[in-house]
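Following the hints, complete the assembly by docking chain B onto the known chain A.
These protein sequence lines map, in sequence, to chains A and B. Residue numbers for the first sequence, in my numbering: 49 to 390. Residue numbers for the second sequence, in my numbering: 49 to 390.
Just so you know, the hints here were simulated from the structure itself, not pulled from any lab data. A hint or two may mislead.
Because identical chains share one entry, a pair is satisfied inside a single copy or across any pair of copies.
What the hints assert, rightly or not - List of simulated lysine to any residue pairs, SDA-like, C-alpha gap at most 20 Å:
#: 1; residue 1: K359; residue 2: G296
#: 2; residue 1: K314; residue 2: E336
#: 3; residue 1: K314; residue 2: R328
#: 4; residue 1: K359; residue 2: R62
#: 5; residue 1: K359; residue 2: E151
If you're wondering where the values come from, they're calculated on a predicted model, not measured in any experiment.
There are 2 protein chains.
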Amino acid sequence: MPLSQPVTLPFDLRRPIIGAPMAGGPSTPELVAAVSNAGGMGFLAGGNKTPQQLTEQITSTRTLTRGPIGVNLFVVSANDADDEELEAYRQELQDEAAGYGIEVGTPRWDDDMFQGKLGVIRDLRPDVVSFTFGCPDADVLDELNTLGIHTAVSVTSTAEACTAEDRGATILVVQGPDAGGHRATFDPAVEPGTEPLPDLITAVRNAVGLPLIAGGGIGTRDQVRGILALGAAAVQIGTALLLADEAGTSPAHRAALQDPAFTETKVTRAFTGRPARGLRNRFMDMHERSGHAYPQIHYITAPLRAAAAAKNDLQALHLWAGTGYRTTRTGPAADIMADLAP
Amino acid sequence: MPLSQPVTLPFDLRRPIIGAPMAGGPSTPELVAAVSNAGGMGFLAGGNKTPQQLTEQITSTRTLTRGPIGVNLFVVSANDADDEELEAYRQELQDEAAGYGIEVGTPRWDDDMFQGKLGVIRDLRPDVVSFTFGCPDADVLDELNTLGIHTAVSVTSTAEACTAEDRGATILVVQGPDAGGHRATFDPAVEPGTEPLPDLITAVRNAVGLPLIAGGGIGTRDQVRGILALGAAAVQIGTALLLADEAGTSPAHRAALQDPAFTETKVTRAFTGRPARGLRNRFMDMHERSGHAYPQIHYITAPLRAAAAAKNDLQALHLWAGTGYRTTRTGPAADIMADLAP
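So here's chain A without its partners, still in its complex pose (with noise of 0.2 Å):
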């Protein structure tokens, strides 16, 4: 069946790229706004932030450019975790946090305060808010349409995409297995599709009428190009803006992406128990099996992941990167979006 031509975004941008959301420091106000004065645009990562530090980082981004600009947020199921899993899984890092001379984190379920995040997009309505990990109930995305904010939802799946079609949605960032980071699957007890991305889109594209957003591995001008003529609106980027001047990718981060002793990039529930892809390294290898309590593994691990990052242990530091690393370069993200505009 011929497809038909591709669904538009309802807005529009110079260049058809999308700066990823990347929690956890990269997703500067600077990297955003300079992705979105290059012609594309780009996202806050509003995830395992206050409401308070959302506001600041909006207010900042939107002093630095006029373009539009993308918020993501994350919507933590609940989950009945194991509480003996949880406590096998502590016992096995007491050796990780004892070399350290610190405690293994104390595992609780919070929301990542959903509603008062939800609140300051209300007040201070970015261009597009998105939402990773589930999809909101459909009276949120109505609300959120109704006041002049496009709602995206993170999918990974057909499935997927058509509750957040069916829920409301105006657009859809179909994110492929080869991304860093975090899986966007809805629900972290399944373990993420491993279909191409290209036969993702594909999928997606039969299945819902919405723009698409895709990405996942995504670092040459030539695979923008192939993505974008599967139909996808526009082509998301993250791991390749990670060495940009105007990212807060640690200095840790930034050197495992340009060491070669790093070879190859994995998916692990090691670090939060979502599934995400990083750099290979010890704990990953060490820690297989970690449940899929999110986020209470996250808590868990947190104050190791503190001390590796303090220590610069970069075999016990997650390391997100998509499987496209290599081709990441460095300088501003005017001349990354340059290099990869079709």
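Here is chain B on its own, set in the frame of chain A:
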């Protein structure tokens, strides 16, 4: 009446110097650890952070020092903010916001996630936890004391000192009127005292039997010696550490502290509603009366402060500094500590 021997701290310090908790960036784990490694005790600033961020900072600090560390929490009291006054201040600030192409913030009250952070303190047990803007209830202090965590309360008057002692605090942090940043005054509606630090120390020593950490405006070795001679068990320094290599002080703040265009400090409520001392600039002078609703005014100005930071606008930014800021020097914190050690 001759004063008795100074009451000593319940732990040993090689140097009787405390690094003040400075929220908003300066007090990084690296700075806190450097102060502790230099024989004093550094304090992390728990205010305006998530419990998770506090967890990460305590853990990072523990990996960087074996010395004692402190953590400061805000104790935010309920208030009956005058909605009309808040709205009037929002109107007054519209021009500032428009200049940046942004909106004034929405006022709201919250308790800075006090219970969540208390949970982190219980789990991670820093050597000392200090409280600012108020004194927790006796049962909270009692529980922490029982866990072996020393409890310190920041006070600005003899009355506050007596309250803290009555409720079970084991250390007092006596803050004089020359201190940079927020005054610790319990009731934000009250004008903070102007009694000089030496007089305040003497008055508090006559009223309570607890060991005192005292500071505010201290920037030279002679001043440190003078405070100790009055019977303080240790001296707290804050502004003196703002230009340390390990401090997270923003580039704008660093520049302002060394800019001869700034000639004095001033106490203002314009930025947050609570009195705080900083380098005198246009924003302070233009917005002299801003009410005392904290943290509502903090949230009203948050977007303006973020925008001013993004635009490097030193005349609109809160540039906290104590009166001794001219003696602040750059370099490793260890060198600053050595300069000030009695």
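Results of checking the hints against the structure:
no., hint, result
1, K359 / G296, "both (18 Å within a copy, 18 Å between copies)"
2, K314 / E336, "within (11 Å within a copy, 56 Å between copies)"
3, K314 / R328, "within (5 Å within a copy, 53 Å between copies)"
4, K359 / R62, "neither (42 Å within a copy, 25 Å between copies)"
5, K359 / E151, "within (15 Å within a copy, 40 Å between copies)"
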